[in-house]
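Asks: Residue numbers (our numbering), protein chains in the order written: chain F, 1 to 222; chain R, 1001 to 1538.
Hints were generated in silico from the structure; no laboratory data involved. Among the hints, a few may not be true.
[As the list claims (entries may be wrong)] Taking beta-carbon pairs under 10 Å as the criterion, some of the chain F residues facing chain R (in silico):
(1) Gly31
(2) Gly44
(3) Glu59
(4) Val122
(5) Tyr124
(6) Val133
(7) Phe151
[Unchecked claim] Estimated spans, in silico, between C-beta atoms of each pair:
(8) R:Ile1122 <-> F:Gly118: 30 to 40 Å
(9) F:Arg219 <-> R:Pro1186: 53 to 63 Å
(10) R:Val1474 <-> F:Phe209: 48 to 58 Å
(11) R:Ser1309 <-> F:Phe209: 52 to 62 Å
[Unchecked claim] Reference listing, derived: stretches of chain F covered by chain R, where coverage requires no fewer than 3 residues with Cβ under 8 Å from a Cβ of chain R:
(12) 47-58
(13) 75-83
Every residue, glycine too, gets a C-beta built ideally from N, C-alpha and C.
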Amino acid sequence: MLPEAAHHAHHPALAHQFDSLGQQKEAATLGMWVFLLTEVLFFGGMFLTYAIYRAWYPEAFAAASHELDVTLGTINTVVLITSSLTMALAVHAAQLGQRKLVLWFLVATMVLGAAFLGIKSVEYYHKFEEHHVPGPGFQFEREYFRHAQLFFSLYFIMTGLHALHMVIGIGIMLVMFWWTWRGTITRDYYSPIEISGLYWHFVDIVWIFLFPLLYLIGRHGS
Amino acid sequence: MATVILPPRHYLNDGYGITSWLLTRDHKRIALLYLAAVTFFFFVGGAFAVLIRVELATPAGDLVSDETYNKLFTMHGVMMVFFFLVPVIPAVLGNFLVPIMIGAKDLAFPKLNLASWYIYIIGGLFTLYALVTGGVDTGWTFYAPFSTVASTTKVIPTALGIFITGFSSILTGLNFIVTIHRMRAPGMTWFRMPLFLWSTYATSLIMVLGTPVLAITILLVAVERIFRFGFFDPTLGGDPVLFQHLFWFYSHPAVYIMVLPAMGVVSELVAAFCRKPVFGYSFVAFASVGIAVLGFLVWGHHMFVAGESVYAALVFSILSFLVAIPSAVKVFNWTATMYKGAISWDTPMLYAIGFIGLFTIGGLTGLFLAAVGLDVHVTDTYFIIAHFHYIMVGGTIMGYLGGLHYWWPKISGRLYNEMLARISAGIIFIGFNLTFFPQFILGYLGMPRRYHAYPPDFQVLNVLSSAGASILGVGYLIPMIYLMWSLRYGRLAGANPWGAVGLEWTTTSPPPTENFTETPVVTWEAYDYGAPVEGHVA
């Protein structure tokens, strides 16, 4: 049993199955890491599919990739990295018990996340207008038609599932905002914010891989 | 015996009424919720097996049409694999035992545990919906592009059901991993843990690492089918072999999700009924982890005829042979444990011995299939069917029933009718072998799987198999009856009816909601059968 056990014995946030807040925090953190491992394998299936098809059809993938909007993609990358910064600052403020700062940084994170989704939907809309959504209405130059469709299938499923994770992330941030607002999150008990931060950073890292793989094919040197 | 009384306060009388069950966070009650659900799905899957065996009693396709037959074996596979075999031991016995065996009050995340059950039920409802509205005919393997383009049956609701249920599996695995890492009682070191926990831990790793790959694969199938996005369909630029790689990357390790927990159960049973520590404890422990790791590297042996390169086939073949090493370590160590042990032939031990024998046959025929040349000869024949039923039914279900009988007094606080239990264990063993052994011969002679009609030459062996299946069915129904009966009329068990060691036998039967009145402090090694055990009432 950890030395802090007695001190925290009756802490309102301590669940009955744990002996101490320390044990509870360690369990929750490990739980999130194991969950993220699951997520790595979940996205891994798509990254593998991408890697194989890109290796087989490099020209078609490069041609299709050139249809993506690099400017909007780059802006979105900056937006997302900034949101990771505000998330990290929120965790830091929570560790220090600075409630107001936590609330502000959580709001900033959510606003940046929403901005990312907004820009993403503008990109989706353009693709829809350009008939680059796979399916019966898909249009592309004849030579690469079939494999460009493969690229866009992967583009939409990968960025789509990433966006879904962003939406869930914003939902989690809303809960964290509420918990901080009503005083559940304290200097003694800030692990929910920390664990939500782990999730948020993970979703950002997925994008850090998606951006070069989808947007920047064949842009080096030429 | 007269002194045995029910404890005044235990998890079963801690609250009555439907909400005290449906909203419970007690891992023991959630285990019983799972017990009810998996039993239901077992009998649904079993009903399809009955229809399959009745159809195959005659060479002509006279009971059902070929299309209906396709749906029968698909629904049998889907129900049994995803809704019975994968969850059965972890979610029922694992849920009940993991916290108790390490001296914890509950799993690390009780709400998540309850959520897993609901997720499992929702997934099951989708699949049942697919079943009652016409069924699905792709085989439980969902091979593309048949599943994404050609099939006109209920692929989407079934796929959705499996996708959803996968998350129940992931969350259960996550819960077990965190619990075993962070919730062990003082003194309960990794190498003092019962081997059931090592195998549950190894299983949890596969659940957490493998299931998400199945989830994404099924999602891609659904997206290709609904929106015509290309991933696997060649007319859309995709490659169907990629589907098989992704599918088997989960579905081969899934076999170990099914059989590893059963191996863990058998380790407990062999020690308890031979009154000896398991021979080579650490070898058995690491064999579980070894099987889990190797299990991820052998999926290609399902694809020897699917356009895999010769070099890939060779590597997958060698790796598949390697799985035999940790598996054999376990079989040899159980046998060595029994050697010169004081063996008592109680029902759980009968199941354990049944497991060892049947798993050995299943495992050795697995070596036949790992050899590329022979595998090409018997691919998609009844040899495969016989092989994996020896592992899944002869292995997993034997282990599960052994474990259920062993821990039933702990779960219910009462003893079942030992004589009936021994007889039904015998019936199951005979029925099982009569059902599946002829299928090895049928497959070797060339009878293909998944056909509702066959040449008359094969009839004798098929009739034997169908006769065996009816015996097996009776064998499964009898325990249902006497276990239910024991809940009300069984003799009280007392804390430790087997005189076994292990933390679960130090608390009352049934245990209190918090498992132990005081957190236990462990100062002994696992299977400490050195000194005579007190409290043996059997």
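Asks: The structure should be examined with respect to each hint, and the outcome stated for every one.
Replies: Against the structure, the hints:
1. Gly31: holds (5 Å)
2. Gly44: holds (7 Å)
3. Glu59: violated (13 Å)
4. Val122: violated (21 Å)
5. Tyr124: Cβ of F:Tyr124 sits 14 Å from chain R, so the hint is violated.
6. Val133: Since chain R brings a Cβ to about 9 Å from F:Val133, closer than 10 Å, the hint holds.
7. Phe151: Interface hint status for F:Phe151: holds (9 Å vs cutoff 10 Å).
8. R:Ile1122 <-> F:Gly118: 30 to 40 Å: Holds, at about 32 Å.
9. F:Arg219 <-> R:Pro1186: 53 to 63 Å: With a Cβ separation near 59 Å, F:Arg219 and R:Pro1186 satisfy 53 to 63 Å, so the hint holds.
10. R:Val1474 <-> F:Phe209: 48 to 58 Å: holds (56 Å)
11. R:Ser1309 <-> F:Phe209: 52 to 62 Å: violated (28 Å)
12. 47-58: Holds, because 5 residues of the segment 47-58 of chain F bring their Cβ atoms closer than 8 Å to Cβ atoms of chain R.
13. 75-83: Not satisfied, violated; 0 residues make the cut.
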